[in-house]
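Visitor: Place chain H with the ligands on chain X using the hints.
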Amino acid sequence: MNTARTQLALVVILLTVAGLGLTLYKHMTLGFPLLPGRHSPVWTLEAQINFDAEDGPAQAILTLPAAQDGAIVLDEFFSSPGYGINVKKQGSQRQAVWSIRQAEERQTLFYRIQLRLEPEHLTKAADEPASDKPDTPVLTEPYSTAAKTLLATIREKSSDNESFTGTLLQELNSVDPDQNTNMLLGNLTSRNDKVQLILDLLHQEGIHARMVRGLQLEDGRRKQPIVDMVEIWNGWHWILFNPDTAASGAPDNFFLWQRGGKSLLDVMGGSHSRVEFSMISQPIPTKQLALEEAASGISMVDFSIYSLPLEEQNAFKTILLVPIGILVVLVMRVLVGLRTSGTFMPVLIAVAFLQTRWLPGLVIFITVVTVGLWLRFILSRLNMLLVARLGSVVIMVVGIMVTMSILSWKLGITQALTVTFFPMIILAWTIERMSILWEEEGPRDVFIEGFGSLLVASLSYLLMTNRHVEYLTFNFPELLMLVLAATLLLGQYTGYRLLELKRFRSLIGKPLQHPAEY
Amino acid sequence: MPVNLFKWFARPHALLDAGVLSMNRRNLCYVSRYNKRSLLPLVDDKLSTKRLAEKAGVAVPKLLGVIQYQHDVQQLHKLLDHLSEFVIKPANGSGGKGILVITGRDGSDFVKGSGEKLGFADVKRHVTNTLGGLYSLGGKTDVALIESLIRADPVFERYSHEGVPDIRTIVFKGYPVMAMLRLATKASDGKANLHQGAVGVGLDMASGQSLRAVQFDQPVTHHPDTMQDFSALSVPHWKQLLTLTARCYEMTGLGYLGVDMVLDQNEGPLILELNARPGLAIQIANGSGLRSRLEMIETLKSGDNAVSERVTYAMTHFSHF
Ligand SMILES: Nc1ncnc2c1ncn2[C@@H]1O[C@H](COP(=O)(O)OP(=O)(O)O)[C@@H](O)[C@H]1O
Ligand SMILES: [Mg+2]
Numbered sequence: 001m002n003t004a005r006t007q008l009a010l011v012v013i014l015l016t017v018a019g020l021g022l023t024l025y026k027h028m029t030l031g032f033p034l035l036p037g038r039h040s041p042v043w044t045l046e047a048q049i050n051f052d053a054e055d056g057p058a059q060a061i062l063t064l065p066a067a068q069d070g071a072i073v074l075d076e077f078f079s080s081p082g083y084g085i086n087v088k089k090q091g092s093q094r095q096a097v098w099s100i101r102q103a104e105e106r107q108t109l110f111y112r113i114q115l116r117l118e119p120e121h122l123t124k125a126a127d128e129p130a131s132d133k134p135d136t137p138v139l140t141e142p143y144s145t146a147a148k149t150l151l152a153t154i155r156e157k158s159s160d161n162e163s164f165t166g167t168l169l170q171e172l173n174s175v176d177p178d179q180n181t182n183m184l185l186g187n188l189t190s191r192n193d194k195v196q197l198i199l200d201l202l203h204q205e206g207i208h209a210r211m212v213r214g215l216q217l218e219d220g221r222r223k224q225p226i227v228d229m230v231e232i233w234n235g236w237h238w239i240l241f242n243p244d245t246a247a248s249g250a251p252d253n254f255f256l257w258q259r260g261g262k263s264l265l266d267v268m269g270g271s272h273s274r275v276e277f278s279m280i281s282q283p284i285p286t287k288q289l290a291l292e293e294a295a296s297g298i299s300m301v302d303f304s305i306y307s308l309p310l311e312e313q314n315a316f317k318t319i320l321l322v323p324i325g326i327l328v329v330l331v332m333r334v335l336v337g338l339r340t341s342g343t344f345m346p347v348l349i350a351v352a353f354l355q356t357r358w359l360p361g362l363v364i365f366i367t368v369v370t371v372g373l374w375l376r377f378i379l380s381r382l383n384m385l386l387v388a389r390l391g392s393v394v395i396m397v398v399g400i401m402v403t404m405s406i407l408s409w410k411l412g413i414t415q416a417l418t419v420t421f422f423p424m425i426i427l428a429w430t431i432e433r434m435s436i437l438w439e440e441e442g443p444r445d446v447f448i449e450g451f452g453s454l455l456v457a458s459l460s461y462l463l464m465t466n467r468h469v470e471y472l473t474f475n476f477p478e479l480l481m482l483v484l485a486a487t488l489l490l491g492q493y494t495g496y497r498l499l500e501l502k503r504f505r506s507l508i509g510k511p512l513q514h515p516a517e518y
Numbered sequence: 001m002p003v004n005l006f007k008w009f010a011r012p013h014a015l016l017d018a019g020v021l022s023m024n025r026r027n028l029c030y031v032s033r034y035n036k037r038s039l040l041p042l043v044d045d046k047l048s049t050k051r052l053a054e055k056a057g058v059a060v061p062k063l064l065g066v067i068q069y070q071h072d073v074q075q076l077h078k079l080l081d082h083l084s085e086f087v088i089k090p091a092n093g094s095g096g097k098g099i100l101v102i103t104g105r106d107g108s109d110f111v112k113g114s115g116e117k118l119g120f121a122d123v124k125r126h127v128t129n130t131l132g133g134l135y136s137l138g139g140k141t142d143v144a145l146i147e148s149l150i151r152a153d154p155v156f157e158r159y160s161h162e163g164v165p166d167i168r169t170i171v172f173k174g175y176p177v178m179a180m181l182r183l184a185t186k187a188s189d190g191k192a193n194l195h196q197g198a199v200g201v202g203l204d205m206a207s208g209q210s211l212r213a214v215q216f217d218q219p220v221t222h223h224p225d226t227m228q229d230f231s232a233l234s235v236p237h238w239k240q241l242l243t244l245t246a247r248c249y250e251m252t253g254l255g256y257l258g259v260d261m262v263l264d265q266n267e268g269p270l271i272l273e274l275n276a277r278p279g280l281a282i283q284i285a286n287g288s289g290l291r292s293r294l295e296m297i298e299t300l301k302s303g304d305n306a307v308s309e310r311v312t313y314a315m316t317h318f319s320h321f
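Residue numbers (our numbering), protein chains in the order written: chain X, 1 to 518; chain H, 1 to 321.
No wet-lab data here; the hints were simulated from the structure.
Take these hints with a grain of salt, some might be off.
[Said to hold, decoys possible] Dumping the calculated DSSO-like pairs for lysine-lysine here, alpha-carbon to alpha-carbon at most 27 angstroms:
1) X/502 to H/7
2) H/186 to X/502
3) X/262 to X/194
4) X/317 to X/223
[Claimed, not checked] Simulated restraints on C-beta separations:
5) X/465 to H/70: 49 to 55 angstroms
6) H/74 to X/319: 43 to 49 angstroms
7) X/5 to H/12: 16 to 22 angstroms
8) H/97 to X/451: 20 to 26 angstroms
9) X/25 to H/300: 23 to 29 angstroms
10) H/12 to X/72: 54 to 60 angstroms
11) H/137 to X/465: 53 to 59 angstroms
12) H/221 to X/11: 48 to 54 angstroms
13) H/66 to X/465: 38 to 44 angstroms
14) H/97 to X/499: 25 to 31 angstroms
Glycine is no exception: its CB is placed at the ideal position from the N, C-alpha and C atoms.
So that you can see chain H by itself, here it is in the shape it has in the complex:
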């Protein structure tokens, strides 16, 4: 062969040896087998996720108010009157669309995270648009949530271009199996979306220590905007964080779950969002495959273990060191 194809393509059995999970396998053997269809609405709607979490006592950013119908918009003024920092987001939004982050007040004006000032009328229009379905999937009418502002833990300050970094953990049958930190960059336009250029940092399951970082599927050693070295990065409150993710299994009943967490400087780990079809990029960020870890859990004989046992299992078996 004159051209070496294997420079661009891995041999399938090499990927198999590395325990890499394929998309087809994820869909057929995990998502459709372990996630009951009827449970999916629980995680597709942020309001129901939040209610579920609050009922189960799982920490989430506090819900300050819900605007459900157009005529409720009248009460917005009363609701926001005593609030100086909050976030308005669509319950059915995705990809960061329609999220309005207010970090302070200037008289009657609202100050956005970027420093821009908005009048009450602007905020009201944002809510009306949200209800009208401007930000929801397929344009369906939606509900606007008002929740407390998350202030990212200072450890991330030097690593984030904008926004709050989140930690994605894959939780299989209640066992956290792999985790990564997602950091927005200039290239990703402040969004923590990997295929738009956010940085994914693989995290060691035992300690929360960074393993390696990738941007556009290529390894990077420093944050492209802040130039900080990733090797010094370690996520605090690690065990508490894993425990929260593991509890999402009992909370939702979904066997294969992507849990997005944030670290608030005062509240600690909070659950931001759940995903029933989490992507596979986490494998690239971690430099290792999901499949072998998932199969380890599938072969465990004991029935449902307690949350703490599952976390301990993950920390001892899925560590890199």
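The shape of chain X in the complex, shown without the other chains:
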């Protein structure tokens, strides 16, 4: 028994020393800040290109981000099994060309760029329009007349190029557009066409305008499309406009990818092509890390999370938070004495809360489980086999999720759509367990356990969304060793739980009464 304790103490010490040691090493030698900073973060942006090859030669051309002040390219990386890659210059813009002799079925190509962005990274374009007047586009009737009429009305309401563009965009986005606008908009099929229409209209008016593409930077985003913007010349400089909100100026955290109307992605020898972006920010650049590591002789970054594709990196942002939730469960059960339904079920609820946010998640969860419990009671009157009963609960949960989404959508409560983030099996399992508890122990126990579970889930959520916790778990995964050490220690705790101090308080102090003194 004592040797087991010694061994455990040894393991705990080892884990603590290793975890803290690696953390300090990364901090002191590699310069990892221990706290999340706000200044000039390093962003990794990844474009994922997918297309279906047509069983022959294939070529994909992706426009790469334009060189710009305030954005320092630290690293660039192309992933392309079997493809030849060529980067060529096209005016101010660069293009990557992937080509292959023979390709079939689904193809996936990656382009990744790592940049350091200064706080004021998005500077105004320095170039000037090449000509005095833009080329006037040719519109067919009846659109030509509609456009002329629309432009005339806008002209009356505006004073210069900038206000003209703003008014035009407002008109195009208004809930109740006039007849001419309706006709022009009715002709559109995609977002791209809308931007093209805006450009055509502006050119018609003699205003220099061009399309600008970029990314709205948000840490941990996956599968983001590129955002189209419109840039106009006001006579002295270029001004950005958001075609959907008519807001002028660059939005916060907007990274400019491409100027001008060239397409972002061209694929030859393939169909159904698309490009999506993932992004993530980290405290210091991977390359710098690698260099400093090479200098110090220990190589860790090659084996670090940073070497994974961004999709996976982003997934790990969540996965690495799970141990924090586990720790909360342990503390609440072993030290406090709360009862939860299912040992680690609260952690899974907390992870779902990360997507739904706390209050909507809580409301959704309680609603689904309550409705499910009610249906399950009806079900329990039918005498049936366990597997079939569990199966029907899962099916009912699916039904509840669909109904809830549709109803709330109709009522305009869009938050309820996030119900899909709760794992179905978890919901079904909770309902099954709660209904058994209700039958065996009564409603009181159901409330105690339900309350305990949601309290633990909420506390986990609170910790998991803490900025410092998020930062530390992802950038210092070696701290997992400390969490493990804490878990091992908690597994040895034989003392009282907080709620036992209350439960057993009648046992202290007073000596037992003799029965005669009853």
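Guide: Just chain H with the ligands, lined up with the frame of chain X:
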């Protein structure tokens, strides 16, 4: 501190001084240390417990029949034909679920403890449901036991709202260490489950005399339904009862055991059920902690003592008076 927290919470060291056993300690230092995993199925299944007890010659309610498979249900009629009082229970049930108590016959009908009459078809359906797992943990298919009816000793008559009271004893390494009587109430819906409102009565280990009674963890002096004073209550056949509980150690090999007994008016003490993870409420019912008693036994140097020695030890060392 403006609010006195210690009004609601005991200081940990005060509980320690009182020898109170904590749940964490029970799990780590007793249940998982003294109860071998492989032995647990012995007590989880009432049929195997009963067979074990019968083999060891430990008194249990008589097994009148077992319905194991659906096609055996055909024989139910023949089996029950000559029985006028019996109990049908699921082997894997818990919390009193699925226990059908038949106390008499009325022609071809069966009369339940509550006076309600059932036809043979109803009893047969009950058995079919039991086999299908309606009452077992997790809904696993189950076995139905038919055993003799226990008629509670008359001493308990005035103290029980319904059902047969049982006596829970914690047996550690074969030594009975603490005991309590559990009485169903209206609030507990006739179930002898303490956290649902049954009354727990702490019993003196030397005599079986009641020490104090609690309901919902609060001391009570009278039974909430029958209004009887608990101080007059004393469990008869005490030594015989402790001896039976102590023998469960040799019978199962489990070091930390909760033994549930009943007192039948004709048969005396019988073992009803065994539990490998007995709860801690017994400490509240007794007004004293388990830990100090368990540690006394852990420090005993002599090897395994005979049953009678262990009972004597318990009666002399764990008495309140
Ligand atoms: N043979 C019996 N005769 C009379 N009552 C019984 C009998 N067996 C069980 N009971 C009643 O059912 C209750 C629960 O029985 P028990 O065997 O402990 O099953 P469980 O595991 O469901 O608690 C007992 O406390 C008693 O009141
Ligand atoms: Mg029982």
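Visitor: Could you tell me which of the hints above the structure violates, numbers in ascending order?
Guide: Hints 6, 9, 11 and 13 are the ones this structure does not satisfy, whereas the remaining hints hold.
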